[in-house]
Each structure stands twice: as structure tokens, then as C-alpha cells.
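Whenever a hint applies, use it, and build me the whole structure from the sequences.
Chains S and G, in that order, are what the protein sequence lines are. According to the numbering used here, the first sequence holds residues 80 to 429 in order. According to the numbering used here, the second sequence holds residues 80 to 429 in order.
No lab work stands behind these hints: they were computed from the structure. Do not rely on the hints blindly, as some may be mistaken.
Stated by the list, open to error - With a straight-line cut-off of 20 angstroms between C-alpha atoms, the simulated SDA-like cross-links for lysine to any residue are:
hint: 1; chain 1: G; residue 1: K153; chain 2: S; residue 2: D267
hint: 2; chain 1: G; residue 1: K153; chain 2: S; residue 2: T271
hint: 3; chain 1: S; residue 1: K299; chain 2: G; residue 2: R335
hint: 4; chain 1: G; residue 1: K387; chain 2: G; residue 2: R399
hint: 5; chain 1: G; residue 1: K299; chain 2: S; residue 2: A156
hint: 6; chain 1: G; residue 1: K358; chain 2: S; residue 2: T330
hint: 7; chain 1: G; residue 1: K269; chain 2: S; residue 2: T229
hint: 8; chain 1: S; residue 1: K269; chain 2: G; residue 2: T151
hint: 9; chain 1: G; residue 1: K269; chain 2: S; residue 2: D298
hint: 10; chain 1: G; residue 1: K269; chain 2: S; residue 2: K269
hint: 11; chain 1: S; residue 1: K153; chain 2: G; residue 2: E266
hint: 12; chain 1: G; residue 1: K358; chain 2: S; residue 2: D298
hint: 13; chain 1: S; residue 1: K299; chain 2: G; residue 2: D298
hint: 14; chain 1: S; residue 1: K269; chain 2: G; residue 2: S150
hint: 15; chain 1: S; residue 1: K153; chain 2: G; residue 2: G264
hint: 16; chain 1: G; residue 1: K299; chain 2: S; residue 2: R334
hint: 17; chain 1: G; residue 1: K358; chain 2: S; residue 2: S339
hint: 18; chain 1: S; residue 1: K269; chain 2: G; residue 2: T229
hint: 19; chain 1: S; residue 1: K255; chain 2: S; residue 2: G216
hint: 20; chain 1: G; residue 1: K269; chain 2: S; residue 2: S155
hint: 21; chain 1: S; residue 1: K269; chain 2: G; residue 2: R205
hint: 22; chain 1: S; residue 1: K299; chain 2: G; residue 2: E323
hint: 23; chain 1: G; residue 1: K269; chain 2: S; residue 2: A156
hint: 24; chain 1: S; residue 1: K153; chain 2: G; residue 2: T265
hint: 25; chain 1: S; residue 1: K161; chain 2: S; residue 2: V195
hint: 26; chain 1: S; residue 1: K194; chain 2: G; residue 2: K269
hint: 27; chain 1: S; residue 1: K269; chain 2: G; residue 2: D152
hint: 28; chain 1: G; residue 1: K269; chain 2: S; residue 2: R205
hint: 29; chain 1: S; residue 1: K153; chain 2: G; residue 2: E403
hint: 30; chain 1: G; residue 1: K358; chain 2: S; residue 2: R327
hint: 31; chain 1: G; residue 1: K153; chain 2: S; residue 2: E230
hint: 32; chain 1: S; residue 1: K269; chain 2: G; residue 2: S155
hint: 33; chain 1: S; residue 1: K269; chain 2: G; residue 2: K387
Unchecked claim - Covered by chain G, according to a simulated footprint, are these stretches of chain S (three or more residues, beta-carbon under 8 angstroms):
hint: 34; region: 231 to 239
hint: 35; region: 294 to 302
hint: 36; region: 308 to 319
Backbone N, C-alpha and C fix where the C-beta goes; we use that ideal spot for every residue, glycine too.
Number of protein chains: 2
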Amino acid sequence: MSSQPRIAIDAMGGDEGVPVMMAGAALARRRHEGLRFTLFGDEARIKAALDAHPNLRAASDIVHAETVVESTDKPSAALRKKTSSMSMAIAAVKAGEAGAAVSAGNTGALMSMAKVALRTMPGIDRPALAAMLPTLGDNDVIMLDLGANTECDTDNLVQFAVMGAAYARIAFDLEKPRVRLLNIGTEDMKGTDEIREAAAILRGSTSLPMSFEGFTEGDKIGRGDTDVIVCDGFAGNVALKTAEGTARFVTDVLRRAFTSSLRSKLGFLISKPAMHLLKHHLDPNNHNGAVFLGLNGVVVKSHGNADKKGVANAVHVAARLLEEDITRRIAADMAGIGGATSAHMETHAK
Amino acid sequence: MSSQPRIAIDAMGGDEGVPVMMAGAALARRRHEGLRFTLFGDEARIKAALDAHPNLRAASDIVHAETVVESTDKPSAALRKKTSSMSMAIAAVKAGEAGAAVSAGNTGALMSMAKVALRTMPGIDRPALAAMLPTLGDNDVIMLDLGANTECDTDNLVQFAVMGAAYARIAFDLEKPRVRLLNIGTEDMKGTDEIREAAAILRGSTSLPMSFEGFTEGDKIGRGDTDVIVCDGFAGNVALKTAEGTARFVTDVLRRAFTSSLRSKLGFLISKPAMHLLKHHLDPNNHNGAVFLGLNGVVVKSHGNADKKGVANAVHVAARLLEEDITRRIAADMAGIGGATSAHMETHAK
Numbered sequence: 080m081s082s083q084p085r086i087a088i089d090a091m092g093g094d095e096g097v098p099v100m101m102a103g104a105a106l107a108r109r110r111h112e113g114l115r116f117t118l119f120g121d122e123a124r125i126k127a128a129l130d131a132h133p134n135l136r137a138a139s140d141i142v143h144a145e146t147v148v149e150s151t152d153k154p155s156a157a158l159r160k161k162t163s164s165m166s167m168a169i170a171a172v173k174a175g176e177a178g179a180a181v182s183a184g185n186t187g188a189l190m191s192m193a194k195v196a197l198r199t200m201p202g203i204d205r206p207a208l209a210a211m212l213p214t215l216g217d218n219d220v221i222m223l224d225l226g227a228n229t230e231c232d233t234d235n236l237v238q239f240a241v242m243g244a245a246y247a248r249i250a251f252d253l254e255k256p257r258v259r260l261l262n263i264g265t266e267d268m269k270g271t272d273e274i275r276e277a278a279a280i281l282r283g284s285t286s287l288p289m290s291f292e293g294f295t296e297g298d299k300i301g302r303g304d305t306d307v308i309v310c311d312g313f314a315g316n317v318a319l320k321t322a323e324g325t326a327r328f329v330t331d332v333l334r335r336a337f338t339s340s341l342r343s344k345l346g347f348l349i350s351k352p353a354m355h356l357l358k359h360h361l362d363p364n365n366h367n368g369a370v371f372l373g374l375n376g377v378v379v380k381s382h383g384n385a386d387k388k389g390v391a392n393a394v395h396v397a398a399r400l401l402e403e404d405i406t407r408r409i410a411a412d413m414a415g416i417g418g419a420t421s422a423h424m425e426t427h428a429k
Numbered sequence: 080m081s082s083q084p085r086i087a088i089d090a091m092g093g094d095e096g097v098p099v100m101m102a103g104a105a106l107a108r109r110r111h112e113g114l115r116f117t118l119f120g121d122e123a124r125i126k127a128a129l130d131a132h133p134n135l136r137a138a139s140d141i142v143h144a145e146t147v148v149e150s151t152d153k154p155s156a157a158l159r160k161k162t163s164s165m166s167m168a169i170a171a172v173k174a175g176e177a178g179a180a181v182s183a184g185n186t187g188a189l190m191s192m193a194k195v196a197l198r199t200m201p202g203i204d205r206p207a208l209a210a211m212l213p214t215l216g217d218n219d220v221i222m223l224d225l226g227a228n229t230e231c232d233t234d235n236l237v238q239f240a241v242m243g244a245a246y247a248r249i250a251f252d253l254e255k256p257r258v259r260l261l262n263i264g265t266e267d268m269k270g271t272d273e274i275r276e277a278a279a280i281l282r283g284s285t286s287l288p289m290s291f292e293g294f295t296e297g298d299k300i301g302r303g304d305t306d307v308i309v310c311d312g313f314a315g316n317v318a319l320k321t322a323e324g325t326a327r328f329v330t331d332v333l334r335r336a337f338t339s340s341l342r343s344k345l346g347f348l349i350s351k352p353a354m355h356l357l358k359h360h361l362d363p364n365n366h367n368g369a370v371f372l373g374l375n376g377v378v379v380k381s382h383g384n385a386d387k388k389g390v391a392n393a394v395h396v397a398a399r400l401l402e403e404d405i406t407r408r409i410a411a412d413m414a415g416i417g418g419a420t421s422a423h424m425e426t427h428a429k
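Now the structure itself:
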């Protein structure tokens, strides 16, 4: 890697295309002065989009990519597209030419490519997909895994906790993030064997830079009393999607209600700032895309329908994780896991 | 069982106490003319509460219960309280003196007692906890399991589908309820082996009185395109609680926003009918408590903080399931599961 941190951008991913990816990267560039970029995609379109962003152009190299991973491509098909902008961005991280990659493309394809090309870092059995969800507290909550691993064993959950805590320390500037395991109750005997065992290991690993606070439940995700929530990818995916669906459900019911009578219509107009605030709170563009943790290199997935602010957030997260060297931090933290685990991990490690 | 359907009511459960349980039962009685009740609990308090409800008093027998299951009792402790109102109500179902039991008490205790006393019906390996969630469609959606079984195998999921469909046929008056399995994607290869195998079996069981429509995801629970959503108890519990938490989160954000400025305050006053409708939509009292399916007898859990309308809904559901003989229906339906399963089930049946 060159002395200056560099981010590989898949300029072609996302519903909004090259101009939005470039506008987002340009926005992020303003917050990270030393940051450099390699932009992968259709050279002509990238060049055209850069006309509006001289600051980004000055900090970027462009690498032409022949093909694009489509949102409908299966991961297996995407993996074969070696000349796609996504593949090439990941390859740049693998080759050490960039420290992080950002893409707004096909999540399944990105996850597969990143896993195959970058491989899991030492001490980590499986990568996890982490994202931030809004809370009523001071900061968002980081939740992982959100779907990279349908089933998880005890070690996976412990490793996710370590990775999530490292992410939270950087993203929220906390010394000891509060970490909880998602469960179906808060009593010690609740949940699967894997969850109970992971809790025992985390409780015993007192030197870890986190405050492990036991179990939480689905109704407490947004309460703001936890910085990192750890779960297997099935439960995480169900929780994330249920939260999205319910938020949409509630706003749909409200919209119907507000348009059902003249009196409500008037109320709606007057209350527009309130609805705006709600929208702001729930808008994925105000959160930071999803991060793949546990790989030899940082990979951030921006929302497919993100606007330039959303893309900028994703690039900003990638830059922060790179600047703070999250991979090294996770490796260091893994050494702090309690004695009971070390043996356990030796048996299970690949 | 006597010729007239009879429901055993645990008069002591619930945060609101005897008067609300009695008021709810009295309300339900008006919708079910032939229905009779046995009321278990403190005789003096039940008699006092019945003064306001002569219609219920005329249809009820009172059986004094010495003790009460507390909300803090562990299931193991509750099981030993043989003279509790909850135990005695379940025992009445076991003895055939009542066809159904309704309680607003400790869910874990009720579940354990019902399982131990009533046992699972022939062909069913494990009971499931089912509840209704609001949707944007014509009817609510029935979701199961919601926490009775932390882990489930293929047969459990198939049986839950059959039980949920039987419940939906009665509750929504549908011939072929639309049934889906909760998953982390809708493509065939998504999810665990158990979920994919259950889908294959249900797809092959074309004579079942349901329309099996594949997978659904957490964000589509409230969409109204499904009548029954089947999942293991872990995922179900996470989804249910996440939906509750998110709805509360959104309304909290709105409340804060509405009270943040005079203009919004005015809007809030004018929009009160809209917020009222939302509250109505999300109010658990408008839904029907939770039903334990798969036991030799109907057991309905009313919400702990239900008002009389909530209790009436729970009693109404119990009465409907009893009148329509859901246990017999489920047994009949189990015979319709595709050939692939019969063998599968013989191997796996206890």
C-alpha cells in the first residue's frame, strides 16, 4: 500500500449510476484531506462525471473496467466477471494497491468476491456483514451479522462481538462499547447453546476493549442502551428487514390516515417538519451502508439507492476504518479472548 | 366434555386483575350465546366482579383457587403450584370439563403447564405459539412459532404450517390460506436446510387446505399478501419483538418531533384522528393474544396488559377454535402431507 490511504471505488454500482458515486466520493474527500482514490468503471463516464468535481479528480486515478456486475447476477456468475468494476476494485485491495473498496452494487456478489479474493484475517473463521441502525440514544447501534452467515457457532458469535466492538470504537469514538447478544429473553438460560456459550466466553474475557452486557431482545434494538448487537445472519437479517418493514408499515398507516379527512390533511401540512424529521431518522442515507468485517482489507457496501450523501457516508466509513487500521485492531483484540476460548478456538480454527 | 362448549378462565392472570378478566369474558359471552365458563381464582373477588356482569354470572361456575402464579415465577416453580388458578384451568381442559383455557398470566408458566398437562396431539411433535400481527391487507397475519421452540427441524416447520393454516381458516374464514416460510431471501436456495426441506414438502402436499407460496422476508410481514407465516421460535420471537420495538420507536420519534415546535404542536392537535388510527392499528387489544397450537385442547394467552376488549378478543378466539374443533381439523390435515414426508415423519416421530 502506498503511504497515503487509498480507496478503490466501484463507480458502476448503485441504482443512480456514476454521477452519484462520484458526487459522494467528492463529498467524502472534503472530510479526508490526504485520501486518494482509484475509480473503476467506464472511463468516459467517470471522466465526464469528474468534470463537476475537480477536488476528487485531483485525488484520483481512473482504471477502465470492461464489464459491470448486474443486480440480477448470481454470485457465481459475478465471480467470473474478472473485468467488472467490482472485481477490479476488490482485486486492488487484494494487491495492496488500495486499503479499502466501496461499492453500491449487488450485495451477494460483493460479499462472495470479497470473501474469495481477500479471505478471512488470521483468527477469524467467517466475515460478517455489519450495519448501523437508528436509535433513540446518542449514537446508532452496530448490528452484525446481517446475512453473511445463515448459521453460526459459538466462535463465530464471539468473533463477531470482537469485530463489532472494534468498529464501534472507531465509528462512535468509544473506549469500551456496550456489546450484547441478540436473544429471545434476557435471562441466562434463554436461547441456543451457541448463544449461551458465546455469552460465557465474552463475560470471561474481561481484558477486551468492550463492556459485554449480556442479552438483548428485538424490541430493544433502537433503545440506545447498546452500541453493538451480535447475532447470527439469519436472526440479524430477519430483525433488520422486520424493522424496515415495520417503519414503512407505520408511515403507510399514517399517510393513509393523514389523507383520509380534510382535518387530517391540514394537520399533515402543519406537521410536515415532524414527518420530515422521522424520514430523516429512518433514511438509510443518514446511516453508513454495510461493512464486511473480518477480511484482509476493508469492504463497504453503500445502499443501492443511496444519494450522494449516502455514498459519502459509506466512503467516510471506509476511510475511517482504513485510517484506524481496523484489521490490526481486531487481530490484537482476538488475543484478549478469555482462556476458556483459546483452547476452544484451537480445536475449531481452520 | 359437556354438550355445550365451555371455557376455563384463569381469573387471576394479567396486570389488570379479576375485574378486567370478568369484563372481557362478559363481552365475549355476548358473541357466543351457548358458551359456558368455569372461572378459576379467588372466589370472593370473582363474585364481586360478577355483580357487574349478570349475563356472565348466569353462564358460569366458580371454582376457588388457593394460589396464583406470579409473573416472576419460573416455569418450574409454577408447575408445582397445583392449586393455582392457572394450573386448575389447564387441569379442567385435561379432564375434559372444559374445551379451552384462557389466561393472561405468565406466558412461560402457561406454556410449560399446557405442554405437561395436555401433551401434544397425535402427529404433532411440538406445540407452537401463534399470534396475529397487523397488516395493510384485509386480515391480520398469523405468525408461528413465536418462542415456544428455540430450534426447529423440518417436521416441526411443516407441522406449524398445517396448524397455522387450520387457525387461519377458522379465524379469517378462508378456504385456502396463503402460507409462507420466513426466510432471508425468496430464492429457492436461501436459508437453512430445515427451511428448504420444509418448503419442498409443503410444495408437494397439494391436497392440503392451504396455498403454499414459498418464502417471505421480515420486511413483508405486514404487507397483507400472506395469511400465515411459519418460522422457528427464535426467528419468530426476534421478528415479533423487533416489529413492536420499531413501531414504538417510530411513534416516539414522531411524538418528540410533534412536541418540538408550536407549529408541530398545532399540527398534532389537528392530526389527532390520524394518530388515533395508528394507535388503533398497533394496539394489541385489537388483536387476539397468542394461541398454543398442537396440544390436546385449546389454550389462549391473553396479553398481560390487555383491557376488557383484549380479553374479550382472546376469549372469542378460544370459543371459535373450540366451536370449529381445531384439534380435529389439524389431525385430519396432517394426513394430507405429501408422500415424501410420511416416510420422513415415520423416521423422525417420537
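Tested hints:
A distance of roughly 13 angstroms separates the Cα atoms of K153 of chain G and D267 of chain S; the hinted pair therefore holds under the 20 angstroms criterion. At roughly 18 angstroms between alpha-carbon atoms, K153 of chain G and T271 of chain S fall within 20 angstroms of each other, so this suggested pair holds. With a CA separation close to 18 angstroms, the supplied pair K299 of chain S and R335 of chain G stays within the 20 angstroms bound. Straight-line distance between C-alpha atoms of K387 of chain G and R399 of chain G comes to about 18 angstroms, which keeps the hinted pair within the 20 angstroms bound.
Of the pairs offered as hints, the one joining K299 of chain G and A156 of chain S is violated, with about 28 angstroms between alpha carbons and a cut-off of 20 angstroms exceeded. At most 20 angstroms may separate the alpha-carbon atoms for a hinted pair to count; K358 of chain G and T330 of chain S meet this at roughly 12 angstroms. Distance hint between K269 of chain G and T229 of chain S is fulfilled; the C-alpha atoms sit about 9 angstroms from each other, no more than 20 angstroms. Only pairs whose Cα atoms come within 20 angstroms are accepted, and K269 of chain S paired with T151 of chain G is accepted, the gap being roughly 15 angstroms.
Note on K269 of chain G and D298 of chain S: the hinted pairing is violated, with a Cα-Cα distance of about 26 angstroms set against a maximum of 20 angstroms. Between the alpha carbons of K269 of chain G and K269 of chain S the distance comes to roughly 27 angstroms, so the proposed pair goes past 20 angstroms and is violated. This hinted pair checks out: K153 of chain S and E266 of chain G have alpha carbons roughly 11 angstroms apart, not beyond 20 angstroms. For the hint linking K358 of chain G to D298 of chain S, the alpha-carbon distance of about 17 angstroms falls within 20 angstroms, and the restraint holds.
Restraint check for K299 of chain S and D298 of chain G: satisfied, since their Cα atoms lie roughly 18 angstroms apart, inside the 20 angstroms limit. Of the pairs offered as hints, the one joining K269 of chain S and S150 of chain G holds, with about 17 angstroms between alpha carbons and a cut-off of 20 angstroms not exceeded. Simply put, K153 of chain S and G264 of chain G have alpha-carbon atoms about 13 angstroms apart, close enough for the 20 angstroms limit, and the pair holds. Between K299 of chain G and R334 of chain S the CA atoms are separated by roughly 18 angstroms; this keeps the pair inside 20 angstroms, and the hint holds.
Under the criterion of a C-alpha separation no larger than 20 angstroms, the hint pairing K358 of chain G with S339 of chain S is consistent with the structure, at around 16 angstroms. Using a Cα cut-off of 20 angstroms, the hinted pair K269 of chain S and T229 of chain G holds, with the two alpha carbons roughly 9 angstroms apart. Proximity of K255 of chain S to G216 of chain S is assessed by CA-CA distance (about 16 angstroms); at most 20 angstroms being required, the pair is judged to hold. Between the alpha carbons of K269 of chain G and S155 of chain S the distance comes to roughly 14 angstroms, so the proposed pair stays at or under 20 angstroms and holds.
A distance of roughly 18 angstroms separates the Cα atoms of K269 of chain S and R205 of chain G; the hinted pair therefore holds under the 20 angstroms criterion. For the given pair, K299 of chain S sits about 9 angstroms from E323 of chain G by alpha-carbon distance, which is consistent with the 20 angstroms threshold. Restraint check for K269 of chain G and A156 of chain S: satisfied, since their Cα atoms lie roughly 17 angstroms apart, inside the 20 angstroms limit. With a C-alpha separation of about 14 angstroms, the suggested pairing of K153 of chain S with T265 of chain G holds against the 20 angstroms cut-off.
Note on K161 of chain S and V195 of chain S: the hinted pairing holds, with a Cα-Cα distance of about 12 angstroms set against a maximum of 20 angstroms. For the suggested pair K194 of chain S and K269 of chain G, the alpha carbons sit about 18 angstroms apart, so the restraint of at most 20 angstroms is met. A threshold of 20 angstroms between alpha carbons decides the hint, and for K269 of chain S with D152 of chain G the separation of about 15 angstroms falls inside it, so the pair holds. The suggested pairing of K269 of chain G with R205 of chain S holds, with an alpha-carbon distance near 18 angstroms, which does not exceed 20 angstroms.
Simply put, K153 of chain S and E403 of chain G have alpha-carbon atoms about 47 angstroms apart, too far for the 20 angstroms limit, and the pair is violated. For the hint linking K358 of chain G to R327 of chain S, the alpha-carbon distance of about 15 angstroms falls within 20 angstroms, and the restraint holds. For a cut-off of 20 angstroms, the pair hint linking K153 of chain G to E230 of chain S is broken: about 30 angstroms separates their Cα positions. Under the criterion of a C-alpha separation no larger than 20 angstroms, the hint pairing K269 of chain S with S155 of chain G is consistent with the structure, at around 14 angstroms.
Distance check on the hinted pair: K269 of chain S and K387 of chain G sit about 32 angstroms apart at the alpha-carbon level, beyond 20 angstroms; violated. A count of 0 residues in the region 231 to 239 of chain S with a Cβ less than 8 angstroms from any Cβ of chain G is obtained; the coverage claim is therefore unmet, three being the minimum. Residue count for the region 294 to 302 of chain S with a Cβ under 8 angstroms from a Cβ of chain G: 7. That meets the three needed, and the coverage hint holds. With 8 residues carrying a beta carbon less than 8 angstroms from a beta carbon of chain G, the region 308 to 319 of chain S meets the three-residue requirement, and the given coverage holds.
Violated hints for the displayed structure, listed by number in ascending order: 5, 9, 10, 29, 31, 33, 34.
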